[in-house]
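Protein chains in written order, with the numbering used here: chain S, 1 to 175; chain D, 176 to 434.
Hint data in this document are derived by calculation from the structure and do not stem from the laboratory.
All values reported here derive from a predicted model rather than from experimental measurement.
C-beta: ideal position from N, C-alpha, C; glycine also.
Accuracy of the hints is not assured; some may be wrong.
As the list claims (entries may be wrong) - Just a few of them, taken from the derived set where beta-carbon distance is under 8 Å, the chain D residues facing chain S:
id	residue
1	Val193
2	Leu222
3	Arg224
4	Val228
5	Ala330
6	Arg336
7	Arg341
8	Leu415
9	Phe434
Said to hold, decoys possible - Sample of chain D residues lacking proximity to chain S, with all beta carbon distances greater than 12 Å (derived):
id	residue
10	Arg226
11	Val332
12	Leu390
13	Arg406
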Amino acid sequence: MGVATHEMPCREGGKAQLEPERLAEHGDRLYRAAYAMTGSAADAEDLVQETYERILRRPRFVRRDREIGYLLRVLRNAWTAHVRTAAGRRTQPAPPEELEWVSDNRAEPEVAIESREAYAAIAELSEPLRMTIVAVDIVGLSYAEAARRLRTRTGTIMSRLYRAREQVAEALEGR
Amino acid sequence: MRRSDQSPLSKRQQALLVKLADGALRGRSRARAETRLAGVVDLDRALARQRRVTGALRGGPLPQEAGAGAALHMPVPTSRRAGRSRSWQLGATAAALAAAVLVAALVLVPRTTSPSLAIAAGLGTLPAERDAPARLADAPLLAGGLEGVQFPDWAGVFGWRAHGSRDDELDGRATRTVFYEHMGHRIAYTIVAGEALALPEGAEMVNRGGVEIALLRDGERDIAVFIRDGRTCILSGEVLDRATLVKLAAWTADGVVEF
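Isolated chain S (complex conformation):
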């Protein structure tokens, strides 16, 4: 019999099962994180799909306020596994000018361009710096939660965040 997905009860401690509806709610942020990590829309979609499949393989009980952090960790694990097993097969990041961005009326054109460039720059960062800026600036984790999820100290997170932003800023200024 397949996985039962309806009306799973909450467990003690405020944890609830991560159901497809909850995953969908985090879809945008997870996708943005995946895009920043992989530098490719195609890889990002695959990565999010793989993340969903991993999570839905068995029931996961997570505190509601820690869902996105948990998802980020699974996303990162999936990406790490992919890199290890398929080293060198990564899809080439699409140049920003070849990407079509879904318009958002709230964004000024200049901001949209800057955002595009920033994502491209993040994909070029080293793994620790990239994961840090993804966790804090894209996924929106606190420094402490990011440290917990990335298994490092809060001070290290902030230091990495500084350096990651510096490198992205350099890319933005150099464009």
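Chain S is already provided as a structure; the job is to place chain D on it using the hints.
Just chain D, lined up with the frame of chain S:
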């Protein structure tokens, strides 16, 4: 990209600068941090650079907080845009396009499939006309189906959620199509009533878990044709890897989805 790992700032100063830039310090903490950073050359510029990046990431075209069911506001290659989901309430415009699409389906794959199969595969490009069948609470299936063949419910395992459906009649046969969506992609699952159609000659055949699947391609769309309980089933859509269609087509849910 030029690296700036050799920052003149200590790690402690870097951390303080980040917190200042993010507005994470208040009152005395903020004053103490400013004192400790007072000697930093170009402190204002360093803060501005940090904020420029956070502004680009948080204020860009991708919304910071996306509500349930919100469309992805992400960059996608132009070639994939055609496959992105659309609301099924397209109304008369889409309906008017339907006939043209069916004709196109005939033109696109006439040499590899029988006409009926070609048209049936084209149904997946049409808009949904009603809601998807309800999910069963006790099995990974959707309620209803066609001639005893039920549609699978992939939401719980693969994240593909049934999104809409439509009924058609082709050459006197009833067909039912359910559309599924996942991460902005849409695929269609069509069941054709009656005796199974002949699988197309020249199609690539794969066997996944005992399920024979014929694989075709129609422009950007991949098509998987297989038989369930004597009925022809067609899975079609734009996917990153057609292995996705194979995986979905052959999913048995431990025998719940019958073949």
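Evaluated hints:
1. Val193: This hint holds: valine 193 of chain D lies near chain S, its Cβ roughly 5 Å from the closest one there, short of 8 Å.
2. Leu222: It is violated, given that the least Cβ distance between leucine 222 of chain D and chain S is near 11 Å, above 8 Å.
3. Arg224: With a closest approach of 4 Å, the arginine 224 of chain D hint holds.
4. Val228: Holds: closest Cβ of chain S sits about 4 Å from valine 228 of chain D, inside 8 Å.
5. Ala330: 5 Å, holds
6. Arg336: The hint holds - arginine 336 of chain D has a Cβ within 8 Å of chain S, the shortest such distance being about 7 Å.
7. Arg341: 23 Å, violated
8. Leu415: The hint holds - leucine 415 of chain D has a Cβ within 8 Å of chain S, the shortest such distance being about 6 Å.
9. Phe434: 15 Å, violated
10. Arg226: The claim breaks: arginine 226 of chain D does not keep its Cβ more than 12 Å from every Cβ of chain S (closest is about 9 Å).
11. Val332: Label violated. Min Cβ-Cβ 6 Å, cutoff 12 Å.
12. Leu390: Answer for leucine 390 of chain D: holds, closest chain S Cβ roughly 19 Å.
13. Arg406: With a cut-off of 12 Å, arginine 406 of chain D remains clear of chain S, as the shortest Cβ separation is near 21 Å.
When each numbered hint is compared with the structure, violations occur for hints 2, 7, 9, 10, 11.
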